[in-house]
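Residue numbers (our numbering), protein chains in the order written: chain A, 1 to 412; chain B, 1 to 412.
Just so you know, the hints here were simulated from the structure itself, not pulled from any lab data.
Everything numeric in this text was worked out from a predicted model, so none of it was measured.
The beta carbon of each residue, even a glycine, is placed where N, CA and C say it ideally should be.
Keep in mind that a hint or two might mislead.
What the hints assert, rightly or not - Computed list of chain A residues with no C-beta within reach of chain B, every gap over 12 angstroms:
#1 Glu49
#2 Pro59
#3 Gln99
#4 Ile140
#5 Val211
#6 Ser237
#7 Tyr336
Unchecked claim - With the C-beta cut set under 7 angstroms, the calculated list includes, among others, these residues of chain A facing chain B:
#8 Asp17
#9 Glu65
#10 Ala82
#11 Thr84
#12 Val90
#13 Ser94
#14 Val340
#15 Asn344
#16 Val361
#17 Asp404
Okay, here's what each chain looks like letter by letter:
2 protein chains.
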Amino acid sequence: MPVLVMKFGGTSVANLDRIRRAAKRVGVEVAKGYDVIVIVSAMAGKTNELVGWVNETSPLFDAREYDAVVSSGENVTAGLMALTLQEMDVPARSWQGWQVPLRTTSAHSAARIEEIPTDNINAKFGEGMRVAVVAGFQGISPEGRITTLGRGGSDTTAVAFAAAFDAERCDIYTDVDGVYTTDPRIASKARKLDKIAFEEMLELASLGAKVLQTRSVELAMRYNVKLRVVSSFEEQSDDAGTLVCSEEEIMESNIVSGIAYSRDEAKMTLISVADRPGIAAAIFGPLSEAGVNVDMIIQNISEEGRTDMTFSCPVEQVTRAEKALQEAAERGEINYHDLVADTNVAKVSAVGIGMRSQSGVAAQMFKTLSDEGVNIKVIATSEIKISVLIDRKYMELAVQALHDAFELDKVA
Amino acid sequence: MPVLVMKFGGTSVANLDRIRRAAKRVGVEVAKGYDVIVIVSAMAGKTNELVGWVNETSPLFDAREYDAVVSSGENVTAGLMALTLQEMDVPARSWQGWQVPLRTTSAHSAARIEEIPTDNINAKFGEGMRVAVVAGFQGISPEGRITTLGRGGSDTTAVAFAAAFDAERCDIYTDVDGVYTTDPRIASKARKLDKIAFEEMLELASLGAKVLQTRSVELAMRYNVKLRVVSSFEEQSDDAGTLVCSEEEIMESNIVSGIAYSRDEAKMTLISVADRPGIAAAIFGPLSEAGVNVDMIIQNISEEGRTDMTFSCPVEQVTRAEKALQEAAERGEINYHDLVADTNVAKVSAVGIGMRSQSGVAAQMFKTLSDEGVNIKVIATSEIKISVLIDRKYMELAVQALHDAFELDKVA
Numbered sequence: 001m002p003v004l005v006m007k008f009g010g011t012s013v014a015n016l017d018r019i020r021r022a023a024k025r026v027g028v029e030v031a032k033g034y035d036v037i038v039i040v041s042a043m044a045g046k047t048n049e050l051v052g053w054v055n056e057t058s059p060l061f062d063a064r065e066y067d068a069v070v071s072s073g074e075n076v077t078a079g080l081m082a083l084t085l086q087e088m089d090v091p092a093r094s095w096q097g098w099q100v101p102l103r104t105t106s107a108h109s110a111a112r113i114e115e116i117p118t119d120n121i122n123a124k125f126g127e128g129m130r131v132a133v134v135a136g137f138q139g140i141s142p143e144g145r146i147t148t149l150g151r152g153g154s155d156t157t158a159v160a161f162a163a164a165f166d167a168e169r170c171d172i173y174t175d176v177d178g179v180y181t182t183d184p185r186i187a188s189k190a191r192k193l194d195k196i197a198f199e200e201m202l203e204l205a206s207l208g209a210k211v212l213q214t215r216s217v218e219l220a221m222r223y224n225v226k227l228r229v230v231s232s233f234e235e236q237s238d239d240a241g242t243l244v245c246s247e248e249e250i251m252e253s254n255i256v257s258g259i260a261y262s263r264d265e266a267k268m269t270l271i272s273v274a275d276r277p278g279i280a281a282a283i284f285g286p287l288s289e290a291g292v293n294v295d296m297i298i299q300n301i302s303e304e305g306r307t308d309m310t311f312s313c314p315v316e317q318v319t320r321a322e323k324a325l326q327e328a329a330e331r332g333e334i335n336y337h338d339l340v341a342d343t344n345v346a347k348v349s350a351v352g353i354g355m356r357s358q359s360g361v362a363a364q365m366f367k368t369l370s371d372e373g374v375n376i377k378v379i380a381t382s383e384i385k386i387s388v389l390i391d392r393k394y395m396e397l398a399v400q401a402l403h404d405a406f407e408l409d410k411v412a
Numbered sequence: 001m002p003v004l005v006m007k008f009g010g011t012s013v014a015n016l017d018r019i020r021r022a023a024k025r026v027g028v029e030v031a032k033g034y035d036v037i038v039i040v041s042a043m044a045g046k047t048n049e050l051v052g053w054v055n056e057t058s059p060l061f062d063a064r065e066y067d068a069v070v071s072s073g074e075n076v077t078a079g080l081m082a083l084t085l086q087e088m089d090v091p092a093r094s095w096q097g098w099q100v101p102l103r104t105t106s107a108h109s110a111a112r113i114e115e116i117p118t119d120n121i122n123a124k125f126g127e128g129m130r131v132a133v134v135a136g137f138q139g140i141s142p143e144g145r146i147t148t149l150g151r152g153g154s155d156t157t158a159v160a161f162a163a164a165f166d167a168e169r170c171d172i173y174t175d176v177d178g179v180y181t182t183d184p185r186i187a188s189k190a191r192k193l194d195k196i197a198f199e200e201m202l203e204l205a206s207l208g209a210k211v212l213q214t215r216s217v218e219l220a221m222r223y224n225v226k227l228r229v230v231s232s233f234e235e236q237s238d239d240a241g242t243l244v245c246s247e248e249e250i251m252e253s254n255i256v257s258g259i260a261y262s263r264d265e266a267k268m269t270l271i272s273v274a275d276r277p278g279i280a281a282a283i284f285g286p287l288s289e290a291g292v293n294v295d296m297i298i299q300n301i302s303e304e305g306r307t308d309m310t311f312s313c314p315v316e317q318v319t320r321a322e323k324a325l326q327e328a329a330e331r332g333e334i335n336y337h338d339l340v341a342d343t344n345v346a347k348v349s350a351v352g353i354g355m356r357s358q359s360g361v362a363a364q365m366f367k368t369l370s371d372e373g374v375n376i377k378v379i380a381t382s383e384i385k386i387s388v389l390i391d392r393k394y395m396e397l398a399v400q401a402l403h404d405a406f407e408l409d410k411v412a
């Protein structure tokens, strides 16, 4: 029988009523003839409670014990979901990570999935079991200890199972009903997308759209897993939500698929850096070691052996970045006149695979912002994305204007 | 290094502060040179919460899923205890049942321990680990699924580990400070015993003294594990609490060690049963199948082919017993004139290994009760125990009078 993977996040299994509602959705797919693998998160709030206890017990905790404690939330949901399905006469059983076994690296709290053997679960499907309920977010290390995949790891678990079992689709049930052209709280004309390409979803996820974890989208793209984002709280139907898939499956699309934004950015400029081969490494090496997530980088044209280097990072990392650069200067690794931080900027991006074949998107974007009187501070482009840094006070205006300009409220 | 097993019950690990206090006690034993195996229960209340969810989800639950859900409470405590010990610079790690692996039968929710391999944990002791924190109450079945040992199973886990690792002692930390000659709430002169024999403890445990699970005492007796009951909430010392040990280690003891009682008993009499070979089986077979815990049984002298059969059982099982006997009569398996239930009785017992060599204990007991005007309804004796059923209203009086008569407030 064809296999379907269904993943339910913490709010979708927050209490016994919601678990029952989720189980009913699983029952509908079983009735259609699917063997279903259900991936569950911990009941909303439970993981935070466990993490709180660990942090209070041991601020510099042993990550192996952290994983052993924190993974228990998913085990509870998995058992309760299996029991709920059994009550509905759907043959089901639960699996903890080590029982599958879902093998991971030993990088506790941030482990990567290495292997998902299918024989145990397939044998049970062969015996008439219709639903395997698997505790998400967890696995077992080569040393036989419990690992976790990091926050949001249940999405990644779901996609990895879909790949391993060659599932027809991987449905991610969550508290939003799909992926939108932009944030509906900012642009009332925002439209839910029926389909979006993996590459676009990746850009949107890394830009802060919290619908899916970046890692899970990467994994889905690599193994070509059809990923559907759908709401747990709306009517069930086959074409609900948003399908994340390869671009070949998207017949027509707008040139730009979505406008993303990131509110809390900072723009930092090292003024008059002594330019020499390797200077970029000398600057960004220490920043990386200090855990600063550098996003956009712009180097102005060098004059007389000196250059200005501008980069952006999350606003809460500015102090850390300043400290790392001062220390590098003290060690004599870099030399600059001044370091200027602008903490009142936001990033707005236009994303779309259509950009690859269509020119003029950047020009249209710059003209739109100019018409609204929005000054662009930094520009960065990739094959399917154009991002600009602007003053934060213009962010909502820019998102709305670009959404209108690219006619995202209309289907292509 | 010698091994010590320390078990902490739910109230002793009810929150992070109590876990810290328990960890300090472990640290004291490590400092003395012991390698310590710590067995932990779930934080007080957690198991009840999980059991409640399972019951609400599925009243006739799959015991395998019940075990998977309910065992998670102990896993949390084990990880937190290991982290707390690490914070105190005591090398420690946690073990879940399947990691040991603690092998059990497949009787989910009431599994029996089959094997505890020592190689994994001993290898870690060899590498410098000083404390193995083990999640109590749980194991793994031959099918690779999580099992639980039933309520109070953590005591049994602790004794089984002490036996497997040839531990010097098994300390059970709980919220009482030891075993008493009788319930101090009933007899103010009740005295804490320094030592008590396994056999006596078994009788007291099965009579409702809730200090230790009957199974754990049986196991300790079979493997001659020195078992100490000690309070988590009092000063730590080597001779605190009560040592449960073989009678050879008890130099002197009173003839009677303790007076036990059971408040909610019922006395049931089948009047004028047609007597024939096999009649006892015909009566008590159906009762056993109906889940009635028959305790004392008395058959009056038979006259003219008919006899009266009296037995006792917990008062809440009377309805079930009546139904089972009526059905047996309807099936023609037994024949009686009447069934009379007296639900206003209590059981009072005197327990002591000294009875084996001393005659006159029963006579003294009956005389004491007679002097107080207490009428005895049923008598049952074993090698080290005399039990009587009396009207419930005399229970406290009987316990106090017997405690005085056998001078249990004085050390032998």
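Outcome of the hint check:
At roughly 10 angstroms, the least C-beta separation between Glu49 of chain A and chain B is not larger than 12 angstroms, which violates its mark as non-interface. With a least CB separation of 9 angstroms from chain B, Pro59 of chain A falls inside the 12 angstroms interface cut-off, contrary to its annotation. Not every beta carbon of chain B lies more than 12 angstroms from that of Gln99 of chain A, the smallest distance being close to 6 angstroms; the non-interface claim is violated. Not every beta carbon of chain B lies more than 12 angstroms from that of Ile140 of chain A, the smallest distance being close to 10 angstroms; the non-interface claim is violated.
No Cβ of chain B approaches the Cβ of Val211 of chain A within 12 angstroms, the least distance being about 29 angstroms, so the stated non-interface status holds. For Ser237 of chain A, the condition that its CB be more than 12 angstroms from all CB atoms of chain B holds, with the nearest at approximately 27 angstroms. Listed as a non-interface residue, Tyr336 of chain A keeps its Cβ farther than 12 angstroms from every Cβ of chain B; the least gap is roughly 43 angstroms. Interface hint at Asp17 of chain A: violated, since its Cβ lies 10 angstroms from the closest Cβ of chain B, which is beyond the 7 angstroms cut-off.
Interface restraint check: Glu65 of chain A against chain B, minimum CB-CB distance 5 angstroms, threshold 7 angstroms, status holds. The criterion of a C-beta within 7 angstroms of any C-beta in chain B is met by Ala82 of chain A, whose closest approach is roughly 5 angstroms, and the hint holds. With its C-beta approaching chain B no nearer than about 5 angstroms, Thr84 of chain A sits inside the 7 angstroms limit, and its interface hint holds. The closest approach between the C-beta of Val90 of chain A and any C-beta of chain B is roughly 12 angstroms, which is over the 7 angstroms cut-off, so the hint fails.
Evaluation of the Ser94 of chain A hint against chain B yields a held restraint, the C-beta minimum of about 5 angstroms falling below 7 angstroms. Residue-level restraint check for Val340 of chain A is violated (minimum Cβ-Cβ distance to chain B is 43 angstroms; threshold 7 angstroms). A cut of 7 angstroms between beta carbons decides the hint on Asn344 of chain A: the least distance to chain B is about 41 angstroms, and the hint is violated. This hint is violated: Val361 of chain A has a C-beta 51 angstroms from the nearest C-beta of chain B, more than the 7 angstroms allowed.
Because the beta carbon of Asp404 of chain A sits about 49 angstroms from the nearest beta carbon in chain B, more than 7 angstroms, this interface hint is broken.
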